[in-house]
Structure formats: C-alpha cells, structure tokens
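Novice: Chains as they are written, first to last, in our numbering: chain V, 11 to 98; chain P, 3 to 198.
Bear in mind the hints are in silico, worked out from the structure with no lab data behind them.
Treat the hints with care, since some could be wrong.
Computed footprint of chain P on chain V; a stretch qualifies when at least three of its residues, placed anywhere within it, have a C-beta under 8 Å from a C-beta of chain P [unchecked claim]:
1) 30-38
2) 68-79
3) 84-96
Straight line, CA to CA, 25 Å or less: simulated DMTMM-like cross-link-like pairs of lysine to aspartate or glutamate [claimed, not checked]:
4) 70/V / 40/V
5) 70/V / 93/V
6) 31/V / 67/V
7) 31/V / 45/V
8) 31/V / 62/V
9) 31/V / 168/P
10) 31/V / 190/P
11) 70/V / 190/P
12) 70/V / 45/V
13) 31/V / 51/V
14) 31/V / 145/P
15) 70/V / 51/V
16) 70/V / 28/V
17) 31/V / 68/V
18) 70/V / 81/V
19) 70/V / 38/P
20) 70/V / 145/P
21) 70/V / 133/P
22) 70/V / 168/P
23) 31/V / 47/V
24) 70/V / 195/P
25) 70/V / 47/V
26) 70/V / 194/P
27) 70/V / 132/P
All C-beta atoms in this analysis are idealised placements derived from N, C-alpha and C, irrespective of residue type, glycine included.
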Amino acid sequence: MRWPKARRSARRAPDCHEVQKTLQSFLDGELGPAEADVVADHLAHCVRCGIEARVFEDVKASLSQLRPDLDLETLARLQQFADELAGS
Amino acid sequence: MSLARPRLLMVMPRQKTISDEARNRAFRDHVVPELEILYRVALRLTRNGHDAEDLVQDTLLRAYRAIDRFDGRHPRAWLLTILRNTNINRARKRRPHLFDDEDQALAAIPAHGADGREGAAEQALDGMVDETIVAALRALSGDHRAVVILVDVDGLSYMEAAEILEVPIGTIMSRLHRARRRLRTMLEHVREEVHS
Chain V
11 MRWPKARRSA RRAPDCHEVQ KTLQSFLDGE LGPAEADVVA DHLAHCVRCG
61 IEARVFEDVK ASLSQLRPDL DLETLARLQQ FADELAGS
Chain P
3 MSLARPRLLM VMPRQKTISD EARNRAFRDH VVPELEILYR VALRLTRNGH
53 DAEDLVQDTL LRAYRAIDRF DGRHPRAWLL TILRNTNINR ARKRRPHLFD
103 DEDQALAAIP AHGADGREGA AEQALDGMVD ETIVAALRAL SGDHRAVVIL
153 VDVDGLSYME AAEILEVPIG TIMSRLHRAR RRLRTMLEHV REEVHS
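Bound-form chain P, shown alone:
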C-alpha cells in the first residue's frame, strides 16, 4: 500500500547521530587507510579506471554517511560490502559481470611480474613461471580464479573476499585451496622442464 510507507517513516526512531568532529575522525581512522584496496577492488569490479574512481568516490560518500552505524570491527570488510552494494546499485540494469569473462578478468594482470630481479637466468625463469601462472589462472574456472585473484594477487583476507563475492568463507577456502593445488602442479611441471 502506498500510504503505508510515510506512516512507517513517521514512527521510525530518529537516526543516531554523532558530532561532525567524531564522524570526521572515525572516517580518517577507518576509511582513509583503505583507499588503495578500495580502488584496487573497484578496478576488478568495473575493469575501467574512470568507473573505478567514480565507484570509490560513491563508496566513500556512503561510508561517510554511515560511519556512525559502523561498530569499528573489520573496517575493510565493511567498506568492501559498501563498495559491492554501491557497484550493484550503479549497474542495476546490467548483469553483474565480475570475472565472468576470463580474458577481461585477467586484463589487469600483467603478463610478467615486477622487474628488479638480478640475473638473466633468474629473470628468464621468472618470466616462464609468470606466463605459466597466467596460463594456469586462465585454465581455472571463473569462480576459482576470482578467489585466487582477490586473495593471492590483491591480498584480501578470506572474510573480505567473501564479502565481495557474496559467498561463505568456507566456500572461499575450498575454492582457494583447490585452485592453488592446481597452480602448484602446473608450476612444478614448468620447473622440472627448466631444470632438466
């Protein structure tokens, strides 16, 4: 009933508020340190630098408004939940496409690892291993690849990856562990070939 909504709003208790100073301090303490990981995950979700920046800005605004309802525990997981929900709202009419296309999902992953290793032989070996890892990542199912990318590449915890992917932590663990065993097998084959 359309009339029920305003009546319900009238009897709702006033939203708890905190002083601007306390809000600003909580925001600086809990949110600002997580900027980089928010941007990193936003890039995974949007696969586009401009969209990722907009998504993080929207997330920061929502977090700022909601910080008086944050209990102070696991700020990164809390922020990633806001990020995920904000992204869903922004793209409501599009089907969520997180990691469902393997080429795009890996688009942000360089073919080779970071430079700076000493020794041409080591560099050659690193290059082969990196190429093998990327090939192995591509060979994983989308669900398994998403967990490996979020935890092992981007450095999220199990809980944080679970928030982004909306699955239980136990599912994160089983997917991750199975995927790593497969990656290990592929890497071992490459190393045996190099050293034989």
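Excised from the complex, chain V in its bound form:
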C-alpha cells in the first residue's frame, strides 16, 4: 500500500511535536547526521521551534560556564605518568 501523497510528505518533514521530542538530543549532538539535518532544516523555517532551540542553547551555554578550572600542575603530572607508561 502506498501512503497518500500528503502523508508521505508529512513523514519527510516532521511537525513541531516530533521536532520537540528530538530537540534536546539534537542540541547535544546526539542525533545521527540524517536526523540532525531534518531537525536543523525545521529549526531554520519554524520560528517557534527556532526560539525554543535558542532558549535551550542559552541554558546549555550558561551551564558550561560553571565548568571548574583544573589544576594544571596535576594535569602535567598525570601527563608525565601516562607518557612514562607508554614508554615515551
């Protein structure tokens, strides 16, 4: 059985509800390339979903600023330890 034309078209272009379900995974880079392209295309054309995406991007950006600085001396010691293990 063939899908009616309108239905086939709907399957290619997801609606807002479908995009909302995968939006977080899209923003986290967790979608495959084909699926990510579909979401990116929708966000480029849908004002409401585009705004939603930017809001969550802001939340992610704010959270990433809380990443603590690491102690560089400790990192250097760990690097030396790893280098010695690997015989270099």
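Got chain V; can you put chain P on it based on the hints?
Specialist: For chain P alone, kept in the frame of chain V given last:
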C-alpha cells in the same frame, strides 16, 4: 569449592597479548587524549584533588594493561567505565557517595561563571543568571543534578554519563531533559525580573 579455582585457571586460554610497541601506540592514541576528562570526572567522584589524581593513575594503569582487549570504539566511555570500577574498588568499604550530598556535589562549581565578558551591565546580569543556575541546580533532585553536571557542565555524552552513573541512556535523556526544562523556567523568571 576452594580447589575448583586453580583447576579453572589451568584450563583458561592464555591471555591475548600484543607487542609493547602496539600497546604503547594504542595507549597514546586512545587513552592519553582523554586525560583531562578523566581527571575532571575523577574530581566529581572523589571530591578531592589528591584522591582524584590517584584514581586517574590507577585508571591509566588498568587501561594500559587492558588495552589489548579494547575494540577501539568509544574510548572515552571505555575509560570512564574503568574509572568508575576502579573508584568502586578503591572505596569498596565506603558507600558510593556520588552526588548524594547536594552541597558537596556542587562544591567544585564556582558561584560565578568565567570572567572576560564586556560591559558592567552584562556582567551583572551574568552573575545573577549564574547564581540562579546554581540555585536551580541545588533545587534539582540528586539524580537529575548529577546528569546535568556530567553532560552540561563537564561535557560528557549521553553514553559516557550512562557509564558513570550506571543507568540506561534513556534514563540519562529523560532526567536531563526534565532538569533542563526546570532550569529554563527559573532562568526565564530571572530575566523577566531584570528587564522589567
């Protein structure tokens, strides 16, 4: 039976080995690039710089010995599994305490974000937002906060966070998405107050 173990060991096949050169190369290619994230997550698990350094060293040793059994896919997730198991072995007699105390869990998170923004007004707004985020993080349940910290603050993937927290990826996703919606609501309230 105590006698069964040596007999079992005798019939076990010899462990597959690789040359020292191949082992060293695999270690440099797959493990060394992940040093920083290993240290970052070790700090989350131990909440102590010295313990974190020891934990990473033990993890590196185990990874070096086991690298011939690594299939080359997802090295970071593989290393984080070793890190988690090593930490459990090191603290076997203590109850695992990852993120179960909200004050300690957030101890490594500064009250304010990185400096370097231009404009006093923007800095003031950033400070308020950061304080709100920290307050919102504290308001989340421990399970939700742990996922947000590992993914959004420390930059781990869903799979990597799942390895550390020993839960399915679907659980990581649902906790993360629910937590972010709550954080968004709190941030929106702050921005509305600032701009009104």
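Novice: State for each hint whether it applies.
Specialist: Hint by hint, here is what the structure shows:
1. With a threshold of 8 Å between beta carbons, the proposed coverage of the region 30-38 of chain V by chain P holds, since 3 of its residues qualify and at least three are required.
2. Residues of the region 68-79 of chain V lying with their CB closer than 8 Å to a CB of chain P number 10, which satisfies the three-residue condition for coverage.
3. Counting residues of the region 84-96 of chain V whose C-beta sits closer than 8 Å to any C-beta of chain P gives 10, which meets the bar of three, so the coverage hint holds.
4. Taking the CA atoms of residue 70/V and residue 40/V, the gap is about 14 Å. The hint holds against a cut of 25 Å.
5. Only pairs whose Cα atoms come within 25 Å are accepted, and residue 70/V paired with residue 93/V is rejected, the gap being roughly 34 Å.
6. For the suggested pair residue 31/V and residue 67/V, the alpha carbons sit about 16 Å apart, so the restraint of at most 25 Å is met.
7. About 12 Å separates the Cα atoms of residue 31/V and residue 45/V, which keeps this hinted pair within 25 Å; it holds.
8. Taken as a hint, the residue 31/V and residue 62/V pair is honoured in the structure, with Cα atoms around 12 Å apart against an allowance of 25 Å.
9. For the hint linking residue 31/V to residue 168/P, the alpha-carbon distance of about 24 Å falls within 25 Å, and the restraint holds.
10. In summary, the hint linking residue 31/V to residue 190/P is supported, as the alpha carbons are separated by about 21 Å, within the 25 Å threshold.
11. Restraint check: the Cα-Cα separation between residue 70/V and residue 190/P comes to about 14 Å, which is no more than 25 Å; the hinted pair holds.
12. About 21 Å separates the Cα atoms of residue 70/V and residue 45/V, which keeps this hinted pair within 25 Å; it holds.
13. For the suggested pair residue 31/V and residue 51/V, the alpha carbons sit about 15 Å apart, so the restraint of at most 25 Å is met.
14. Using a Cα cut-off of 25 Å, the hinted pair residue 31/V and residue 145/P holds, with the two alpha carbons roughly 21 Å apart.
15. Between the alpha carbons of residue 70/V and residue 51/V the distance comes to roughly 21 Å, so the proposed pair stays at or under 25 Å and holds.
16. For the proposed pair residue 70/V and residue 28/V, the alpha carbon gap of about 21 Å is at most 25 Å, so the pair holds.
17. Only pairs whose Cα atoms come within 25 Å are accepted, and residue 31/V paired with residue 68/V is accepted, the gap being roughly 18 Å.
18. Proximity of residue 70/V to residue 81/V is assessed by CA-CA distance (about 24 Å); at most 25 Å being required, the pair is judged to hold.
19. Restraint check for residue 70/V and residue 38/P: satisfied, since their Cα atoms lie roughly 21 Å apart, inside the 25 Å limit.
20. This hinted pair checks out: residue 70/V and residue 145/P have alpha carbons roughly 18 Å apart, not beyond 25 Å.
21. For the suggested pair residue 70/V and residue 133/P, the alpha carbons sit about 15 Å apart, so the restraint of at most 25 Å is met.
22. Among the hinted pairs, residue 70/V with residue 168/P is consistent with the structure: their alpha-carbon atoms are about 23 Å apart, no more than 25 Å.
23. For the given pair, residue 31/V sits about 15 Å from residue 47/V by alpha-carbon distance, which is consistent with the 25 Å threshold.
24. Proximity of residue 70/V to residue 195/P is assessed by CA-CA distance (about 21 Å); at most 25 Å being required, the pair is judged to hold.
25. For a cut-off of 25 Å, the pair hint linking residue 70/V to residue 47/V stands: about 21 Å separates their Cα positions.
26. Only pairs whose Cα atoms come within 25 Å are accepted, and residue 70/V paired with residue 194/P is accepted, the gap being roughly 19 Å.
27. A threshold of 25 Å between alpha carbons decides the hint, and for residue 70/V with residue 132/P the separation of about 12 Å falls inside it, so the pair holds.
Against the hints set out earlier in the document, a violation occurs for number 5 only.
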